[in-house]
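Trainee: Below, each chain spelled out in residue letters.
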Amino acid sequence: MTTKTENAEFGIFLMAYSPNPILVCQADSAITYVNPAFEKLTGFRAAELIGINAPYPWWLPETIDKTHRAFQTAMTTGVSRIEEHFQKKNGDRFWVELTAGLIENGSGTRYYLSNWVDITDRKKAADELRESEERYRGLVDNITTGVTLISPDMKIQAMNRQMRRWYPHIDPSEKPLCYHAYHDPPREDRCTDCPAFASLKDNEVHESTREVSVHGDMRFHRIVSSPIRNNEGRLVAAINMIEDITAARQTEMRIKSLSHQLLRAQEDERRMISRELHDSVAQELSTVKIALATLLDPHASVPPEMLQKVSKLTRLLDRSILSVRNLSYGLRPPGLEEFGLLQTLATFCEEFAESTGIEVDFQTAGLKNSFLGSFIEINLYRLIQEGLNNIRKHAAASRVMIKLVGSHPNIILRIIDDGQGFDVKARERALDAEKRLGLRSMKERVSLLQGRMELRSRLGKGTSIHVRFPRQEKKGESKK
Amino acid sequence: MSRKNSVLIVDDHPLFREGLKSIIASSRQYEVVGEAGTGQEAIDLVGQLSPDLILLDVSLPDGSGLELIGDLTRCCKKSRILIVSMHAKIDYIVKAFQAGATGYLAKGSAAEKLLQGMEHVLKGDYFMDTSVSQQVVKKLVGLAPKESLTTGSNYDALTAREQEVMVLLAEGLSVSQAAEKLFISPKTIENHRSNIMRKLGIHKTIDLVRTAARLGLIDIDLWKE
Chain A
1 MTTKTENAEF GIFLMAYSPN PILVCQADSA ITYVNPAFEK LTGFRAAELI GINAPYPWWL
61 PETIDKTHRA FQTAMTTGVS RIEEHFQKKN GDRFWVELTA GLIENGSGTR YYLSNWVDIT
121 DRKKAADELR ESEERYRGLV DNITTGVTLI SPDMKIQAMN RQMRRWYPHI DPSEKPLCYH
181 AYHDPPREDR CTDCPAFASL KDNEVHESTR EVSVHGDMRF HRIVSSPIRN NEGRLVAAIN
241 MIEDITAARQ TEMRIKSLSH QLLRAQEDER RMISRELHDS VAQELSTVKI ALATLLDPHA
301 SVPPEMLQKV SKLTRLLDRS ILSVRNLSYG LRPPGLEEFG LLQTLATFCE EFAESTGIEV
361 DFQTAGLKNS FLGSFIEINL YRLIQEGLNN IRKHAAASRV MIKLVGSHPN IILRIIDDGQ
421 GFDVKARERA LDAEKRLGLR SMKERVSLLQ GRMELRSRLG KGTSIHVRFP RQEKKGESKK
Chain B
481 MSRKNSVLIV DDHPLFREGL KSIIASSRQY EVVGEAGTGQ EAIDLVGQLS PDLILLDVSL
541 PDGSGLELIG DLTRCCKKSR ILIVSMHAKI DYIVKAFQAG ATGYLAKGSA AEKLLQGMEH
601 VLKGDYFMDT SVSQQVVKKL VGLAPKESLT TGSNYDALTA REQEVMVLLA EGLSVSQAAE
661 KLFISPKTIE NHRSNIMRKL GIHKTIDLVR TAARLGLIDI DLWKE
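Heads up: the sequence lines are chains A and B, in that order. FYI, the numbering for the first sequence is 1 to 480, going by my numbering. FYI, the numbering for the second sequence is 481 to 705, going by my numbering.
Looking at chain A on its own, in the form it has when it is part of the complex (with noise of 0.2 Å):
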């Protein structure tokens, strides 16, 4: 018995320099023993809580039924590890970690001891922890940016919200997928050209690409696709990052197809006026002056003064046909339905170089007997009569050799003169700012015709402008 007594009081002196809080309770719940650092951590004196029975003081009044029946349950099976949030006198709260067991002394007492580890600040930190991460998750699912994570063996590990609302017929756990695969029904097949894949290679990916949704209808996204390496540096999966950039496509797609109706109907429009100029307004200008000249009877005597006043008038109408036909040729270039773009482009460089003095040298080659469409003959015929007005105004030029050449599949035109040339950076930052037409307004034709135009000046040493387009305008960007 001396021994078990030595062994009682062993283990209340282990029990009183134990760093960890314990509890030691009949199975009533009353409490026999409490030991100092348990003391310490709640605030509560042993000689407060010896005898008391439970609910205890440091249960939280929101959980104390959970936590009651936790205790009963713990009282008669004994717990391993638990949680608990409690707290102190002073209101303070505080995690443990908690081991109970029951335990017996020689008479056939059972006691409920309880052993406590604060895990206060382990607790904290994993809340932060958490909490950062929720915030870091809300962040990601509320972008309007597709994030996916992709794995080596090319599996979707995560999707953010967006992603899943735009293919919501995808299940990531189920179906190893990675973009490219992104249809519906889903390909099964794994694509080496895909971005996930070509970032699971090491490499960042910048594309835009072009795809009918499960909707049926067209988007067009932006991805951006880099790998992710862990801590060592390895290469653990690809990220995918998606935007969806279709409204801004749409817009610009709309605004090219207006731009080019507004071309049209600038053509249209003055084609009516200037057959409306020279076939109705001169017409009748002319009929007028025949009128005029027969309207006295040329074997009466007619008054000097009258003769003199019919003369005036009809000098005074041979200026207005002249200026009216002038003005409708300017309208519509003559002659290009009736004789086809090649010569009444070399009759209009003819002219120009009579009425400038610029030498102009046209040459054409691969274009004979064919007929390019009216739009892009006119857009053409309009690009060389905005480039020699652009040489009359600023070139100072004294030559101009234009060639125009078709090679299979484009067009090509160059306009080359000999003139004083100009600074080209300096003169596109002009030309935003001052809103004039020549130059960009033949950039403008250009787009429409779906070719690129290169523009190449030095001081001293001329201009030269190079364009290049398709010969035939390319699908689904026709015209209206």
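Careful: at least some of the hints might be erroneous.
[Said to hold, decoys possible] Here are the simulated PhoX-like pairs of lysine-lysine, each with C-alpha atoms no more than 25 Å apart in a straight line:
| id | chain 1 | residue 1 | chain 2 | residue 2 |
| --- | --- | --- | --- | --- |
| 1 | A | 155 | A | 201 |
| 2 | B | 557 | B | 501 |
| 3 | B | 619 | A | 368 |
| 4 | A | 368 | B | 679 |
| 5 | A | 312 | B | 501 |
| 6 | A | 256 | A | 443 |
| 7 | B | 501 | B | 484 |
| 8 | A | 461 | A | 393 |
| 9 | A | 393 | A | 443 |
| 10 | B | 619 | B | 558 |
| 11 | B | 679 | B | 667 |
| 12 | A | 309 | B | 667 |
Calculated directly from the structure, the hints in this document are not laboratory data.
Knowing the structure of chain A, use the given hints to seat chain B on it.
Mentor: What follows is chain B alone, placed relative to chain A:
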């Protein structure tokens, strides 16, 4: 007194036709036998009336008067055609004479020159009024030194594929590179190349580059040559 010359007026403006008639009425030599406002009417009337002279407008509601010239002369070989047109551009004048008209008068000059023009054309002469003839002479004078439309090569004889191949070779691509670019075999490219050289009448690759540069197919600083 000799027989009056019969005249048919083809113009879609009734008032202008009236004007022409009033000028013609001032001369005793002519008689307006018919008027037409469209090309079809003109063809019908020429068949019926076989006029000595047709005054023809170039712009008609049912097509170009220029194209009508041939039809009209076929209908009645003896009819002479004097164009009376609002157009005074060289291209129209040339086309009109090529098609078989023998006179060209701008409408603006009709009041002064119509009778003179009719007289000349009926005599079998060619007639142009001064506002028109000025341009024609200028064109004739200017024509000799200029070679506006021709580049002196047979580039136009190349097929679309040959054009495609030529520019690639001129840009400096090798046969195999060009083949890869056009998805055809190097042998086919070789064939195209020899056809191009034959058609252009050249024997060396450098000449192919030179021709391409001269045509404007490839970029070179042209004024530096």
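Trainee: Is residue 461 of chain A within 25 Å of residue 393 of chain A, Cα to Cα?
Mentor: 17 Å, holds
Trainee: Is it true that the CA of residue 679 of chain B sits at most 25 Å from the CA of residue 667 of chain B?
Mentor: 18 Å, holds
Trainee: Are residue 256 of chain A and residue 443 of chain A close enough, with their CA atoms no more than 25 Å apart?
Mentor: 13 Å, holds
Trainee: For the pair supplied as a hint, residue 619 of chain B and residue 368 of chain A, confirm whether the alpha-carbon distance does not exceed 25 Å.
Mentor: Holds - the C-alpha atoms of residue 368 of chain A and residue 619 of chain B are around 21 Å apart, at most 25 Å.
Trainee: Next pair to validate is residue 312 of chain A with residue 501 of chain B; report whether the Cα-Cα distance is within 25 Å.
Mentor: OK: residue 312 of chain A and residue 501 of chain B at ~23 Å, within 25 Å.
Trainee: Going straight from one Cα to the other, do residue 155 of chain A and residue 201 of chain A come out at no more than 25 Å?
Mentor: Answer holds: residue 155 of chain A to residue 201 of chain A is near 15 Å, not above 25 Å.
Trainee: Hint check: residue 557 of chain B vs residue 501 of chain B, CA-CA at most 25 Å. Holds or violated?
Mentor: 24 Å, holds
Trainee: Given the hinted pair residue 309 of chain A and residue 667 of chain B, is their alpha-carbon gap at most 25 Å?
Mentor: 81 Å, violated
Trainee: Are residue 393 of chain A and residue 443 of chain A close enough, with their CA atoms no more than 25 Å apart?
Mentor: 18 Å, holds
Trainee: Given the hinted pair residue 619 of chain B and residue 558 of chain B, is their Cα-Cα distance within 25 Å?
Mentor: At roughly 30 Å apart (the allowed maximum being 25 Å), residue 558 of chain B and residue 619 of chain B break the hint.
Trainee: With the threshold set at 25 Å, check whether the alpha-carbon distance from residue 501 of chain B to residue 484 of chain B stays at or below it.
Mentor: Cα-Cα ~15 Å, so holds.
Trainee: Residue 368 of chain A and residue 679 of chain B: Cα distance at most 25 Å?
Mentor: The hint holds at about 16 Å.
Against the hints set out earlier in the document, violations occur for numbers 10 and 12.
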